[in-house]
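Engineer: Given next are the chains, with one letter for each unit.
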Amino acid sequence: MTTPIPDPTPTSPPPAGGSQPHGIPERRYAGPPRAAASVTGPSAWQRWVASWRVALRLGRRDVVRHKGRSALVVIMVALPVALLVAGNVLFSTQDINATEKLDYSLGTAQARLTHEEGKVTPTPVEDYAFYGGEPKPATPIPGWGSDVAVQAKALEQLTGAKVVPIATTSLETRIGKRLTFLTALGIDAAAHPSLVTGMARLESGRWAATSSEVVVTRAGIGVGLPESGSFDVTVTDTEGKRTTKTLTIVGIGEGYLTDYSVRPAEVVMLPDFSQAMVSYGPTGSATFLLDRTAPVGWDEVVKWADYGLRVTSRAVVLNPPDLATLDLPLAWPIAPTSSPSASSSWRRSRRSRCC
Amino acid sequence: MTEPILQLIDCTRVHGQGETAVRALDGVSVQVQPGELVAVMGPSGSGKSTLLNLAGALDLPTSGQVVISGQSTSQLRPDDLAALRRRKVGVVFQDLNLIPSLTAAENIGLPLELDGRRVSEARRAAVGALHELGLDDLADRYPDQMSGGQQQRVAIARALVGERRLVLADEPTGALDSVTGDGVLAVLRARCDAGAAGLLVTHEARHAGWADRVIYLRDGKVVDEAVGR
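Heads up: the sequence lines are chains F and R, in that order. Using this note's numbering, the letters of the first sequence correspond one by one to residues 1 to 355. Using this note's numbering, the letters of the second sequence correspond one by one to residues 356 to 584.
The reader is advised that the hints may include incorrect statements.
[As the list claims (entries may be wrong)] Far from chain R, some chain F residues (derived; all Cβ distances over 10 Å): (1) V54; (2) L90; (3) S92; (4) P137; (5) A152; (6) G198.
[Unchecked claim] Which residues of chain F face chain R? A partial, calculated answer using Cβ under 8 Å: (7) P42; (8) Q46; (9) A50; (10) S51; (11) L58; (12) D62; (13) R65.
[As the list claims (entries may be wrong)] If you only want the chain R side, here are some residues facing chain F, beta carbon under 10 Å, derived: (14) A438; (15) S456; (16) L457; (17) T458; (18) E461; (19) L469; (20) G471; (21) R472; (22) V474.
Treat the hints as calculated values from the structure; they're not laboratory data. For every residue, glycine included, the Cβ atom is placed at its ideal position computed from N, Cα and C.
Working from the sequences, and respecting the hints, build out all of it.
Structural biologist: Rendered as structure tokens:
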């Protein structure tokens, strides 16, 4: 069954087969199509590259042709991503790790020793030190006394190495009309210039040689301290007596304190252990740098823990012992409630850890 | 007798399953020879678009076979099917589907570029196709800078570019005035006269007059066939 095809409009008659098509100028007629496609075309790699090339061109064109819309898309995608990345970076970099902290904390010393009230649980890294609970009595250090010089001598006997006392001091001062507290790194840097490398640095002038001299750091200048001359500070001694003394600036440099994180000290001076506002170690007792060539091994850290010495050893931090061999408490310190003395000890420990 | 460029052999296409199954095409057989333009007519829902989708390898039959240039679409892997579409089949859609971010020349050369040809080679072919349609000035214009007729001609040029020998057109003049529409059909006719095979879906009998044969579809079946010209 067939039906006649209706004629097209008279104004546009269909052309005869194979002849010049209707409406196309003769000079433009390209003739019959080329031969059929060959089976072997461009390679898969060329097609893959081409597909990306086209997609990227489309994207670029869209950006160029619709700038406002593209900017909005970028903002809506980039802003949350940027916030997430910034938060992550901030969280990850707000503190340095134990290895990065070593030079700031030890200088070039092999270890940092802090005497505490009782036996301590040896830990490879000070940050993970366990504080809390009622301490067991420590084995007395032969020759130990209340004076820092005596303590240093006793430690030299025990460790067989030279020890250098170190302290963090808080100084009250007025800058203009503003009352402020300066943090001071107390160490005899002039006597041990190589030992303090990494912990303190002298830019100009010289290190303090007397208790009335001081090196001002860039951080100190930042809070308003002068770069030369002198300034007054008020100190409170262990008897509670407040005295004002003048500190003469003999140099400009840098110094770092390492409690929870590394922060710059405002001044570097000799350690003054007669002051009440001195923070020595985590429990308020003295801290010493151990100056010897041989590294302090984990066995020494464990042995000295019996004497109530908490040790941060460069060698142990860099090569910590296997966690399985450590005799660490299972839980992070929980404030004891049964014993008032233990509770206060824990609070003090938490407040002044590791300096 | 030359081998047909397009063969639909007893093709059935069923959409859906069970009680909701719809038999869009029911045992349809069509052949299109080189140089032949076949029009497909029928009311809405008669299966014209389904037929065109099968013919363009955009869809596969539920049963039966579609053979394009000697290759059965049911037996090809997806990658090979895509390559077949890129190299052998040109489709002119009713809504054109020109990419607004690409110029006319880039739209026309797109199938070649996606096939891995060099940009310069694709552009050369595109400019040639535009020249053939008398649209030389449009090469660097974006679709929104062209009239409807010009866009439709560019869409046809895209369907014809390269070495394709099967051109499928789904209501290519639907959005055009009669003069412009006739011009578009003339181009299609010319390509078929030059050796390509064409399948034209249309509602208008006037447009079917450009075809060599007209197939009438109803309820998924070929109910009539007319030979003209």
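Engineer: Each of the hints needs a verdict: does it hold here or not?
Structural biologist: Evaluated hints:
1. V54: With a cut-off of 10 Å, F/V54 comes too close to chain R, as the shortest Cβ separation is near 6 Å.
2. L90: 39 Å, holds
3. S92: The assertion about F/S92 holds, with a minimum of 40 Å to chain R.
4. P137: Check passes; 80 Å lies beyond 10 Å.
5. A152: Holds, since 78 Å exceeds 10 Å.
6. G198: Nearest chain R Cβ is 58 Å from F/G198, so the label holds.
7. P42: 3 Å, holds
8. Q46: Given a least distance of 4 Å, the restraint on F/Q46 holds.
9. A50: At 5 Å from the nearest chain R Cβ, F/A50 passes the 8 Å test, so the hint holds.
10. S51: Because about 6 Å separates F/S51 from the closest Cβ in chain R, which is inside the 8 Å limit, the hint holds.
11. L58: 5 Å, holds
12. D62: 5 Å, holds
13. R65: 6 Å, holds
14. A438: 7 Å, holds
15. S456: 4 Å, holds
16. L457: 7 Å, holds
17. T458: Hint on R/T458: holds, closest Cβ of chain F at ~9 Å, below 10 Å.
18. E461: Since chain F brings a Cβ to about 8 Å from R/E461, closer than 10 Å, the hint holds.
19. L469: 6 Å, holds
20. G471: 3 Å, holds
21. R472: 6 Å, holds
22. V474: 7 Å, holds
The structure is inconsistent with hint 1 alone, although it conforms to all the rest.
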